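Trainee: For reference, the chains in residue letters:
Number of protein chains: 2
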Amino acid sequence: MIRDAMNAKPVLDLFKTKLSVINLGLESFAANLVREGANAVHVDWRTPAGGNAKAIAALDAIEAGTAVDVEKANAEAVRRILAAEPTVVGIGLALDVVPGMARDLILHAGPPVTWGKMCGPMRGAVIGGIMYEGLAGNPEEAAALAASGKIRFDPCHHHDSVGPMAGVMTASMPVWIVENKAFGNKAYCTLNEGLGKVLRYGAYSGEVLDKLRWMRDELAPILAAALKLHGPIDMKSLIAQVLQMGDEGHNRNRAGTSIIIRELAPHLVMLDYPKDKLSKALAFMNANDHFFLNLTMPSAKCSVDAAAGIEGSTIITTMARNGTEFGIKLSGLPGRWFTGPAGVVDGLYLPGFGPEHAARDIGDSVITETSGIGGFAMAAAPAIVKFVGGSPKDAIDVTMRMYEICDAESLSYRIPVLDFRGTPTGIDVRKVVETGILPAINTGIAHKDPGVGMVGAGLVKPPENAFRDALVAFAEKYARK
Amino acid sequence: MIRDAMNAKPVLDLFKTKLSVINLGLESFAANLVREGANAVHVDWRTPAGGNAKAIAALDAIEAGTAVDVEKANAEAVRRILAAEPTVVGIGLALDVVPGMARDLILHAGPPVTWGKMCGPMRGAVIGGIMYEGLAGNPEEAAALAASGKIRFDPCHHHDSVGPMAGVMTASMPVWIVENKAFGNKAYCTLNEGLGKVLRYGAYSGEVLDKLRWMRDELAPILAAALKLHGPIDMKSLIAQVLQMGDEGHNRNRAGTSIIIRELAPHLVMLDYPKDKLSKALAFMNANDHFFLNLTMPSAKCSVDAAAGIEGSTIITTMARNGTEFGIKLSGLPGRWFTGPAGVVDGLYLPGFGPEHAARDIGDSVITETSGIGGFAMAAAPAIVKFVGGSPKDAIDVTMRMYEICDAESLSYRIPVLDFRGTPTGIDVRKVVETGILPAINTGIAHKDPGVGMVGAGLVKPPENAFRDALVAFAEKYARK
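As you go down the protein sequences, you meet chains Z and A in turn. If you count by the working numbering, then the first sequence holds residues 1 to 481, one letter each, in order. If you count by the working numbering, then the second sequence holds residues 1001 to 1481, one letter each, in order.
Next comes chain Z alone, as it looks inside the complex:
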């Protein structure tokens, strides 16, 4: 009708007829028409890839034909993610169980980063880690050692591991061992330290290190022994359950922590330890609702790792942040990081803190979103908005948006309020770039300075260019022309 009007009649005649308008672009145009009594529908349409010429060319090139069938490759990738069977099989010392771990090696969250480029909380956690290992006697010595080149740094992700926030793992830290029983691969993660002053938020005072030593010397052996009596823990079943109990698997973990305590308690009480030590272990878990996070993280890690390295797949198998950069990896481009600047978190702050105190987005915990829970399952956890901000409707909207960038829906992780629909799973970088819909990540916020700790929690947008660069690289490798 618009074309007819433009060609055949004076344009102004158009406004004398009764209009039925389909509006693209600015939504307010449609709203104004509706307010004037016209019949107008707004279509949420955007230029593909935000109009970015290189990204559009890459999408076109992949669409035109690839050396390997992308759809088939992605179907295999999501099949593996959905078939994962993450299972807690034990607790060990990092040096004993984590591949490639060494006394002079410090693992950290996110893509690779040098000491010189590390953000405040990661530097704080490295300083703490060096002192915890007895490699330095005070923070100044530790910082000097970190800067000397005598300590090696490597991402947790390069060692089948993940770490929350700063994600620092050192040789003598105890770690959860989670095995993907469907594929045989394993993932590792430190034990959650609780709230308050903790290493993962960059705190390294005496009390922080004392707690880490207690975790190594008492908590971990007690939990390892209780786990042995209990037998392996089916994390797929537990995560499925907690999504029916108001957790989303990343920042709300009250149900998960409760279930792990009730599962282990009958066995823990049987151990030959002084009962005050057993009580302290139980009280520590009870006082820390994030205790379960360090189990969902390696569960998510070993689930998506099984889908890495599939020729021709555009599925994202890693997302991670080091506080300086956010990085992703694609299944079809194994070993390559695509990065952009870490984002600023939009969220709720603890009393006395505000955005001016915030470090940038940090941590491997976004592995939960990569596997289809966390921010992707926010609709299951409406109460989380009290922690990260927004309304319950926002939480549902976030999950609904994520379906648009995923290739599949979980068969096990289901959202009651969406009629038990499976969570959006298998992020396809083509869809992210084409729609401009970025993965929704909810996260804690660390203080930007070393040694302080947590200041809030909220939602963060990853940098779009990381996804575009990955897509362009994928097209370069796989597109026929």
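For the record, the hints were derived by calculation from the structure and aren't laboratory data. Remember, it's a predicted structure, so these values are computed and weren't measured experimentally. Take these hints with a grain of salt, some might be off.
Output of the computed footprint for chain A on chain Z, the stretches with three or more beta carbons under 8 Å from beta carbons of chain A [unchecked claim]:
#1 119-126
#2 239-246
#3 261-269
#4 275-284
#5 387-399
In silico contact screen, one side only, chain A against chain Z (beta carbon under 10 Å); selected entries [claimed, not checked]:
#6 Q1244
#7 K1275
#8 S1279
#9 R1336
#10 P1382
#11 V1385
#12 L1411
#13 S1412
#14 P1416
Here are the simulated lysine-lysine pairs, PhoX-like style, with alpha carbons at most 25 Å apart [what the hints assert, rightly or not]:
#15 Z:K461 with Z:K393
#16 A:K1228 with Z:K275
#17 Z:K228 with A:K1275
#18 A:K1280 with Z:K280
#19 A:K1277 with Z:K277
#20 A:K1018 with Z:K18
#21 A:K1117 with Z:K393
#22 Z:K275 with A:K1280
#23 Z:K277 with A:K1280
#24 A:K1117 with A:K1150
#25 A:K1393 with Z:K386
#26 Z:K280 with A:K1117
#27 A:K1228 with Z:K277
#28 A:K1386 with Z:K275
#29 A:K1280 with Z:K228
#30 A:K1386 with A:K1461
#31 Z:K431 with Z:K477
#32 A:K1386 with Z:K393
#33 Z:K275 with A:K1277
#34 Z:K277 with A:K1275
#35 A:K1277 with Z:K280
#36 A:K1275 with Z:K280
#37 A:K1277 with Z:K228
Backbone N, C-alpha and C fix where the C-beta goes; we use that ideal spot for every residue, glycine too.
Guided by the hints, dock chain A onto chain Z, whose structure is given.
Mentor: Quick look at chain A alone, frame taken from chain Z:
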């Protein structure tokens, strides 16, 4: 327009004009018109009180004027319910702590009922209770004793108590003691027996009685000692939390049971008991997701009891069923039961069972709905539909309907998915009768024969006449004319 058409023009002319129809009554009339392209709106209107003349007269009489200000009385009743502070303060033997308890007395669920009129599962539970107390050596002797008149029967509700399903409480059973700290009144409830063959569903075999003895001799003393170390448990806070975790406080109790375990475990492990006995207590709770129900029930009971006996109040302070009859009490008519036949539960059955095996609606657990949780909070627990039937949307609809018959909304018990709206609280019998909207109750289903047990769970409608009779009696006492 309709009147104009009827008076001034031949009726058939009506159908030549473009109709805008407001439809009352059968919804299908409006649906047909819409299907034919007409503009029709359906209004969900019903005759007040279903057209029942006595009920309408009672509503009119109360509306015309009462000796006591009903609105003021109800405001005080809901103020007390909302201000309740249910707190677990201990565990004791019924004979020692329950008012009026005696060795020859058996308490049961629901309004008063004689042995001759008891349903199968309640008879089974009475037989089991008599044998548990050592008053008879076998089921035949126990039944004869029950029929002999030498055993007295009384509702739990007449002794500040509540009991799930058959609700049988005998002298030497351990009970939770819950105190309403805001008003000083207390309520009592037995400990939950778990699933499978249990007394509350009318089973009375040796294993049922053995478990009851273990609960009395080991479980209760262990929990009582752990509770003493822990200190009183603030049930208002816990119930508020579990509504954020997918429980509704009646038939879904996984979150509540998890929280009570994690709260008690650090103290339980400190007790001077052989560790296998402590482990057995923890394992028993872990294996029984309804463990928390027997804490929410007395919490609800002591919350609404504080609102009983307010002159001129039409708020319902008791609903209860004995498997034969369903009964209610009004705040303004203390001591009087209004009853109707217990309903047939519409629900999901365990494999091998169907409606033909079901006993009628039974148990005091509907005290949860009376206090504003349970069925009234179903929107908080979408996953419950896997247990009681229906869809998550049905669960939300149930809660929304209950707002129409309540005078208030909870200040503490909030439903995340409804933007943290407080649960509908304070059922006003006037609203129930006027709208014909009956309180929504979700419940377990017992086998109709003694000795079998649970066969399913579902939703049940209470009998409308109990509410009408209560309203008529209220009008007789309070209406001026």
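Trainee: Taking 25 Å as the top limit, are the C-alpha atoms of K461 of chain Z and K393 of chain Z close enough?
Mentor: Holds, because 19 Å separates the two Cα atoms, which is no more than 25 Å.
Trainee: Hint check: is the beta carbon of K1275 of chain A less than 10 Å from a beta carbon of chain Z?
Mentor: At about 5 Å, which falls below the 10 Å cut-off, the nearest Cβ of chain Z leaves the hint on K1275 of chain A intact, so it holds.
Trainee: Going straight from one Cα to the other, do K228 of chain Z and K1275 of chain A come out at no more than 25 Å?
Mentor: Cα-Cα ~17 Å, so holds.
Trainee: Take the C-alpha atoms of K1277 of chain A and K280 of chain Z, compute the straight-line distance between them, and say whether it is at most 25 Å.
Mentor: holds (20 Å)
Trainee: Let me know if the C-beta of L1411 of chain A comes in closer than 10 Å to any C-beta of chain Z, holds or violated.
Mentor: violated (16 Å)
Trainee: Are the Cα atoms of K1117 of chain A and K1150 of chain A separated by 25 Å or less?
Mentor: At roughly 17 Å apart (the allowed maximum being 25 Å), K1150 of chain A and K1117 of chain A satisfy the hint.
Trainee: Please work out if K1018 of chain A and K18 of chain Z have their alpha carbons no farther apart than 25 Å.
Mentor: Between K1018 of chain A and K18 of chain Z the Cα gap is close to 20 Å, so the pair holds against 25 Å.
Trainee: Let's test the interface hint: is any C-beta of chain Z closer than 10 Å to that of P1416 of chain A?
Mentor: holds (4 Å)
Trainee: Is the hinted pair K1386 of chain A and K275 of chain Z satisfied, with a Cα-Cα distance of at most 25 Å?
Mentor: violated (40 Å)
Trainee: K1117 of chain A and K393 of chain Z: Cα distance at most 25 Å?
Mentor: violated (51 Å)
Trainee: For the pair we were handed, K431 of chain Z and K477 of chain Z, check the Cα-Cα distance against 25 Å.
Mentor: The given pair, whose Cα atoms are some 18 Å apart, holds under the 25 Å limit.
Trainee: For the region 387-399 of chain Z, count the residues whose Cβ lies under 8 Å from any Cβ of chain A; is that count three or more?
Mentor: Our answer is that it holds, as 3 residues pass the Cβ test (under 8 Å) against chain A, meeting three.
This entry does not satisfy hints 1, 9, 12, 13, 21, 26, 28, going by the numbered hints stated previously.
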